[in-house]
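Novice: Chains as they are written, first to last, in the working numbering: chain L, 938 to 1427; chain A, 938 to 1427.
It is worth saying that the hints were derived from the structure and are not from the lab.
It does not matter which identical chain is used: a pair holds within one copy or between any two.
In silico DMTMM-like cross-links for lysine to aspartate or glutamate, where the CA-CA straight-line distance does not exceed 25 Å:
id, residue 1, residue 2
1, K948, D1282
2, K1114, D1056
3, K1411, E1048
4, K1182, D1112
5, K1411, E1196
6, K1182, D1056
7, K1114, E1048
8, K1193, E1379
9, K1193, E1106
10, K1337, D1019
11, K1309, E1024
12, K1354, E1153
13, K1235, E1375
14, K1193, E1416
15, K1114, E1375
Number of protein chains: 2
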Amino acid sequence: MTTREGFCDRKEGFQQGLPCTATITPRNNILAHTSDIFDVIVIGAGYAGLTTCRDLCNSGFKVLLIEARDRIGGRTYTANIDGHLYEMGGTWVHWNQPHVWHTMHRYGLTELLSSAPGDVGCQKFTVSADGKKTELSRHEEELIIQRGFEELFNIDGNSGRTLMPYPHEPHHNPDIKAYEAISAAERLEKIKPLFNDIELATLQACIGAISGNTMENTGFFDLIRWWALGGYSAAGVFELTETYKIAAGQSSFARKIFEEALSTGNFRYTFDTVVSTVEDDRILVKVTTLSDTRWLAKRLVCTIPLNVLSQVQFDPALPPTKLAATQQGHINFGAKVHLEAEGSDLRSWSGAAWPSKRVFACHGDGLTNAGKNTHIVCFGSNKEFPHPSGDSEEFAAEVKQLMPMQINKVIWHNWLKDPFSRGTWCVFPPNYSFQYLEALRERHGNILFASADWALGWRGFIDGAIEEGSRAAKQIIDELGFPKRIAGLL
Amino acid sequence: MTTREGFCDRKEGFQQGLPCTATITPRNNILAHTSDIFDVIVIGAGYAGLTTCRDLCNSGFKVLLIEARDRIGGRTYTANIDGHLYEMGGTWVHWNQPHVWHTMHRYGLTELLSSAPGDVGCQKFTVSADGKKTELSRHEEELIIQRGFEELFNIDGNSGRTLMPYPHEPHHNPDIKAYEAISAAERLEKIKPLFNDIELATLQACIGAISGNTMENTGFFDLIRWWALGGYSAAGVFELTETYKIAAGQSSFARKIFEEALSTGNFRYTFDTVVSTVEDDRILVKVTTLSDTRWLAKRLVCTIPLNVLSQVQFDPALPPTKLAATQQGHINFGAKVHLEAEGSDLRSWSGAAWPSKRVFACHGDGLTNAGKNTHIVCFGSNKEFPHPSGDSEEFAAEVKQLMPMQINKVIWHNWLKDPFSRGTWCVFPPNYSFQYLEALRERHGNILFASADWALGWRGFIDGAIEEGSRAAKQIIDELGFPKRIAGLL
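Could you build the full structure based on these sequences and the hints that come with them?
Specialist: If you want it as structure tokens, here you go:
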């Protein structure tokens, strides 16, 4: 199976579309009598949408899933290139991410691969500060980030614990609002005197990799959230957000949820189908697609990402606050690019650059090609080229400037250009969460909204998507009531 | 509502049976035609059993729940005494306990109460070492336990991370087996020279409170598991295992799961019903109760606790390894006793005693009586008296020896004497996990076994019970297939 998404650039040639088990064929399973009214229509086959479908179908509701892409998984899918699994979007999970771990356990998919460098390979950290390169050890990198994060987040003399005591309820202490209004740049300004240029470049590259944007556009609030979710320690943040991958690949996981929904017999779906309007007449919701197909349902769950939501027409129109939230959107415009580098020595290499045109941070993430070569994962900024190969060439050239290496292939997905995401994982700008989070989570008549982009806990993560998908399904089960069934009568 | 379980001893008199919303009335909802064959019979209404029932009923299976007690929750229930909620068994939860947090979120029950002492009250720590009392501060207590745990668990020069890298897969590194064979006493012997008498008493009291038994009978392996699950830090262990309570009380939570099962119309139950034999003829499982009632089902999920399992007759008999595991059982024979002390100063007091006849460790856990008095929770050993009031008198007297106080009431449940638990949360003796865990988890024909006592992750916790309940339900859904339903046909 191949998705039409993603790019691979290698000596054998440039390729658009990657081998991927998340692609669904045939593209729909809608029967002839589609004039039926569904119980629920779900827009979007990411983890939020899949979870909603699975939960509702299990409880006996008739569900239709509409997805614009040719595959499940949303901003997460796994490409299998020459026998190696590359996670093109969402990647890392952890047993302390409650919703994703519970779901992985449901499908017996708790076997993990570690991205931790271990004590093999070069153990080098290359940092480019204002274009000037320095080589340190991975251990020195760790100490810089540890001290940097501790200073950055010690806003209350208690490592942030007083101002954000409950990471899954980030607004709990209203005093955090003062820090919500500022940018990462403003906070960094305060602690700058404590660090030298190399340390500051390391910190900013690290934050840039988290937020996919400039320090000015990055809300400091979301960084505190990562810190709190990671257990208020730098080691915790790295362990929980970029260390453990599902060994079988994210797409195997997404398929399990999809297939469970399918096994119920209650599940219809249509891929390659773009929604244009959603109308709610207070009794039924009508969805119309770009190709003018219409479906009806009692409830609709919209999982369209924050940065794309304003492109769908709602009738009645979305309330002003929700509309404003979708128009401003989140600020993660980052790039994630995989490289295969010749040799295995770079498996424990990491690089950082700030300021930087394209590459903010990169690190070895295991071996490819039967242990011969190295998988390097990079985070940086996006840029458009007349042909996408320009993108990979510039990215690879910048990584080579950091560390000379022979790059055999470059594999990536431009999530910013992608019309169905317009960004990667959600990171809020300054002054956004207290203003908009509640509005984003609110229903609109018979339309419910579920997305990792407005989850309470691991917002922007697969865990947050499942949190939201569960919430929407349970709300509908509670309000429509459990369907009566012949087999169910005792 | 009142359960017949639990004791309250106060000046108004001694009382057996406590006000509790976990009691189910009427005691059964079985209709006249009970000769029907159920899809699944579940024995036990603790969190494992409730989760299995809920998942199976949601998926359209006809389920019968059989429970010996008059209430749901198993080794967890909430007593409401004079307007204060006392958790009589399982209590603390955390957002890093994936299964329980996911489930709490499902029911909108993520509001928490903190048991952390805060910076109010006396802030004292009283430790009795070999009968000699010393008074320290809470901060000094924290430092002792922090250094003690770090030495105790640094068995690999990497704080235990190398030998137990995956807390939810404790056997992952087979090298841990060497430490699984030893007792807490043997490990303590090795680090003893590093600590003085006060420190050693503090550490042993703390371990005794965790395991409810002597250092000799406590398996060191389970302590490493707690350490790993707590993020390899003493602060983490305390944060994850005794800091956050569900504000609405555990019994509100258990009721939500029970009521969701009930809402499906697929759920029958019978309380006050003790199972005597379980027979599996390879096609159907037959359950016979002490009062000679019989029910049939295609599958049976047995959630009977480890220390009680050997009292039920299985035909065919359980395989030898599983049988031996149930005959040896786990070693947590601890007592949990609540006190209400006059005044509010002790809210941040904690005490520890080792060796000790009854009380190992106790600490303030919030205020009662509109903020006037203090709730103190104690952990220690069990003992039998001609009348249970002897129990509370001895316990209270020992706590008063540690810290003079006026005790207004004593509230407890003797889980060791309880014929349906014979112990509290599961702690393995030395040399048990590698020998028996797998066998305990194995099915026996059409009988599946699900209990926190053999969970892989948070074994002995509510989280582990939900982990196991989910596992059993999913396995049955997968093998019996999703039931066909009229309403389900699209």
